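Dock chain B against chain A, hints included.
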Amino acid sequence: MADFSTSIRESGEVSIIDLKGFLDAHTAPTLENNFAQLIKDSKFKIVVNFEDLAYISSAGLGVFMAFIENIRDNKGDIKLTNMSDKVFNIFDLLGFPLLYEIYKNEQEAINKFSGS
Amino acid sequence: MNYKIFTHAALKLNFIKQNIVSTQAQFFFIASALMFVFKIFFGTPDTFILILLLDVIIAASIFFLLLALIKFENSRTAAPLSLVLNVGILLAIMFFILVFSDYLLPGIFDNINLKLNNPGLVYNIVSFIYVMLMIGFISFFLITLRHFFFLNQRKNVKVYFNTMLVFFILASLSINFFSDEELSFLSTTFFAVSVLLMIFNSIRISWIAFLSKKEKTYLLLLSFVITILFIVNILNSAEGNIYSQILTAFSPSLRQFNQMIMIYGSIYFVFLFFTTLFHLPTAEAYDRKAQEVTSLQYFSKLITEVLDFNDLAETVTDITQKLSGSKASWIIWKNGVKPSTLAAKNIGFIESDKLTAQILERISFENLTSTKTFSLKERVVNNTSENLFSVVSVSPIKTRGETQGILVAAKGQDQIFTQDDLSAIETFSDYASVAIENSRLLEESIEKERLEKELDVAREIQRKILPSDVPKYPALDIASVFIPAFEVGGDYYDFFKISETKLGFVIADVSGKGISAAFIMAEVKGIFESLSKTMERPKEILIKANDILKETLDSKSFVSAAYGYFDFKENKLIFARAGHCPLFLLRGADSKQIRPSGLGLGLSSKEYFEQTLEEYSIDLMKDDTIVLYTDGVTEAKNERLEDFGDKHFLNVLQANVLLNAEELSNKIIKEITVFSSSHDQYDDITLVIFKWQQ
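Protein chains in written order, with this note's numbering: chain A, 1 to 116; chain B, 1001 to 1694.
Think of the hints as simulated: they come from the structure by calculation, not from any bench.
Careful: at least some of the hints might be erroneous.
Below are the DSBU-like pairs computed for lysine-lysine, each with C-alpha atoms no more than 35 Å apart in a straight line [said to hold, decoys possible]:
(1) Lys-1539/B / Lys-75/A
(2) Lys-86/A / Lys-1606/B
(3) Lys-1334/B / Lys-1158/B
None of the values given here were measured: they were computed from a predicted structure.
Bound conformation, chain A alone (with noise of 0.2 Å):
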């Protein structure tokens, strides 16, 4: 199957993860070791980088509704920047903009964040 890796950037408080390639059932695990490695370091202020990635499954959505609760609790966000139009599409379908904020570009939401 298709490749999927992740990188993990600091910018002040606000941690950056960079996605590549496919999220999908098999691949979702990384995301979600990246996303409770964050919450362990105390890390809640995230912004998900989706420039280079080419698709995402519904297994692949579900990663961002595992850790969001627990995020928003610890007065922290996922905040969700550079989506390619099918990427937003498929976000779009199933609601997602109405629970998530979705920037046009990365700068933007980590403003966001020193913004609140």
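Chain B only, in chain A's frame:
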């Protein structure tokens, strides 16, 4: 109850069997009793007939005792060594009897010589017991010697042995009858021939070859002691002492027979002693050969144990330890980053881990290509484990050409690894590698099969959940297509006959795949089936469904769904969408994607879900085409991993809008199939088409 009856019957059977066995013993007792009666009546007989009669009775009693003993011996399988030990013990007892009879018996009978000539009842009883004891001893010796003789498994064994016995008897009997000067040469000849036969029957003792070195040493010692005892006992029973006198007075033939058996015994054990002595130097080599033979059996054992990886590892260490004569053996397995002990024989895991650390300082998995040995570091004080082991051999266990494990054998301070040991370990580690690789492959294929079985179950659930055909209405032409993906995708659709004028429908897609998706699908079906009976409004139904699923699903899972109903009376379609793909409405050349707002089921709380969910109503016109689908349709991929896409889908729909529902769905599936012919279908494809006819 039945069991009890059965055991009872078995006991009974056994009892009868024992009775049969003791038939010979009964004859023996009868013969002995006759012997006793004879003695009481005739004392020491002097006529030819009486002497012969007595000897026949004695011979008969010995004969039946021998038969009884043979029966008894056949019923149990005694090891030669324990028989040898028994002979030794009996000889020792006999020795004491012989020695003490010289001191005790004259005390009991003030004049033994007088008694011998004029025996009373007491004397007769004592001498009878004495004789019976001796008959018992020599019978046992004879049986044991016979047993050893038969162990050789030469040709005509019976003939040789029986010939010898015949000469024993001839030599014994002739003592009585040919005591005259002229004829005494006959008994001497019989005696000489007997001795020759004894010697002949005592050479070629082959059974000791199968003993281990330790057992041979033991046998050497034992046979030496026994030989001495035989000779001492022969000397002790020489003419003149009490034993000899009593026996001779009873029957000269018996005494002679007794002596012959004793001589046979001493000759046999002398030969046994020397044969063992000569076998001793080669015993170790023989042991090794025997070990090699057993190790071949071990290899075949490896093949049968590939079914369980851990069992296999245990067996490998077990065999390695035996094969190389090491104190301990274990397998270091490259387990991710940190190597660990997979299985260990004769060493604890803590100790083996310590030694593993030492080994890995010296050698890495990559560098180890053949068997090597090295000595362990100087011992640390108070570290018992390293006192035990001073040298180790390490062999690679390779799977797929890569060293995955190290087979370690460890020896103590006083031991070294010989070239033989190392080549045995080297050969064995190759076998072990193959066996371990096979075991891994087997495990993988079992896992794969298990997954496939699981998917079969998931497919079966899905097949049963989905409707087998579409409902028929004059006002509504309905067609549905479902194409399952290899990994069940979690698509679900259904129709509900709400009333005479209303037809409900649902289409849903469960997140995730496989068996878990199939189970959620079954739950979703249950929810919609029951809700459609109690509620009418699509919005209400979806809100309730969200409530239930939010409770039951884990936080990662959700369901996209669209629920609606056709109202034949009002010519309306009312529906709501919970995160599902939009609905297509084709009306002549006009077409639109209808996408009311709504979150997926199980994603958010009731309030938020309710707030965001819209219900949509369409006033239907004749020939309106409504298309429902799951993302398997629009996300079908071609060889360049491009999606089939909304646009392409809509184009196909528009171009074929005049076809009926069935034809239209066939057309779409055909287009998708052509588009994604070079790419595996990754997700379930579901398509439901309605055409309004009124």
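Given hint Lys-75/A paired with Lys-1539/B - CA-CA distance at most 35 Å: Answer holds: Lys-1539/B to Lys-75/A is near 32 Å, not above 35 Å.
Hinted pair Lys-86/A and Lys-1606/B, Cα distance within 35 Å: Given pair Lys-86/A, Lys-1606/B holds - Cα atoms ~28 Å apart, limit 35 Å.
Agreement of Lys-1334/B and Lys-1158/B with the hint, judged by alpha carbon distance not exceeding 35 Å: Since the Cα atoms of Lys-1334/B and Lys-1158/B sit roughly 63 Å apart, the hinted pair is violated (cutoff 35 Å).
In summary, the one numbered hint that this structure violates is 3.
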